[in-house]
Amino acid sequence: MKFDDEPVPGFQLPILPGHSSPGRLERVLRAGRFAVTAEIAPPDSADPNDVYLRARIFDGYVDAINATDGSGAHCHMSSVGVCSLLTREGYATIMQVSCRDKNRIGIQGDVLGAAAMGVANVLCLTGDGVQVGDQPEAMPVFDLDCMSLLETVTLMRDEGRLRSGRQLTATPKLFAGAAANPFAPPYEFRPARLAKKVAAGAQFVQTQYCFDIPMLEAYMQRVRDLGLHEQVYILVGVGPLASAKAARWVREHVPGVHIPDAVIDRLAGAQNPKLEGRKLCVELIQQIREIEGVHGVHVMAYRQEEAVAEIIDASGVLEERVPWHPHRDTAPEPAIERVVS
Amino acid sequence: MYAVRRWSVRHARGLEVFYNGFERALIALEPVFRRIGFARLERPFAWFERQVKGFLFDCRMCGQCVLSRTGMSCPMNCPKRLRNGPCGGVRPDGMCEVEPNMKCVWVDAWEGAQRMRDGQTIHFVDSPVDLTLQGHSSWLRVVRAHSAQRLDTSPDDAE
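Protein chains in written order, with our numbering: chain A, 1 to 341; chain B, 1001 to 1159.
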């Protein structure tokens, strides 16, 4: 997919009227296309090539790449670092910002720095508790919460001020995102909480992993009743499960992930669980796509990042559209072995 | 105490009615408090507030009380100190992600808010905690704000 006003990679797109960011993701969503985003695994390394190699496997299949910010309370390369590297190559990035590790002073500085490096999207998160990580003795900060973080980002962008009131000489042009989890209690509160996030400035949301379509449908029904699907772009989280054992582990150890027994039984009964997990993911994407008010999917293929391309391909959601990537004009890489047909 | 805190949520409506009356009484006494001097009242007020709210809500004395907007479930008991609703990590049984033996304070808040007359205030976006108010009396702050409004000055000048 090419925009007429395509700049040199690494430089930002012009901001269209009614848009708040120079980013490709906002353009794709506002154009009414079904967007695809994916999560990159930030390396435990200081080598920029580790980031580029991990991004490259998404080439041509995703509209933006999420850089996680210490997900699961584990330390990896920072989201500011990953995003800064990726934007140099022209990739569209979604910088995740968690409230767990930094206070408002640090976060506002990061937002400015990232925007200066070409980051066009931020995802405002509360963050997992330190107890799930490998350094549970760490100090949990949680100075802001995701809601006040959203407000802070919109304040900086729209009013050109820091929280203190101090003026910015140039504002960060950002598309503000948030997370949503339709699959955790209190279920009746969840759509209302999304409304709150919209009020605080959320322009797009990415949800927790969806493995339960009826539950998502019930949530989306409420979201439509509140008219929220017309105020915020909703990208539903999906991902392949490697095996029944892995699924049980995720259910027990990753906060907020709901996996119905039926899904685990299906994986347990499969001859090739990994293949079955990917097929299930493709099916979920196709079902999610049919739900009114859903604007895209967010693929979190933890430790199966190489499967993202084939899953998106098999789901058919891109409809011949090839999202921009920095290597589109060079010879294609040797084809990755396809498992899902 | 956890059991008392849960009791308070179950009786959110009664506590709401009581607090509204209490607040009216405090505001009615505002001229008296102003004469004594708010600065002089700060410590006894904070002490008294800590005893009462500590017992009823496990109050952490953040100094900017939002109990009437959170179903009488104190959000400062949330290990992530969330002031605007539950995080995505709430367990299927409604327990806290961080402390599995504690009910999520926002699951409680939602239930408490359903019982309250002004429960819809749970939908308002709340500002982040102001650490400089930690340990100060929220009640006296309400009175001071009222005083400032009456005298048309900032709360800090209302001494």
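These are calculated hints, taken from the structure and not from any lab test. Some hints could be false.
Here chain B is said to cover these stretches of chain A; the calculated rule only asks that three of the stretch's residues, wherever they fall, bring their Cβ under 8 angstroms from a Cβ of chain B [to be verified]:
(1) 12 to 24
(2) 29 to 37
(3) 65 to 79
(4) 136 to 149
(5) 216 to 224
Partial selection, computed: residues in chain A whose CB lies under 8 angstroms from chain B [as the list claims (entries may be wrong)]:
(6) Lys-173
(7) Phe-189
(8) Gln-208
Where a beta carbon is used, it is the ideal one built from N, C-alpha and C, also for glycine.
* Those earlier numbered hints the structure runs against, lowest number first -> 1, 2, 3, 5 and 6
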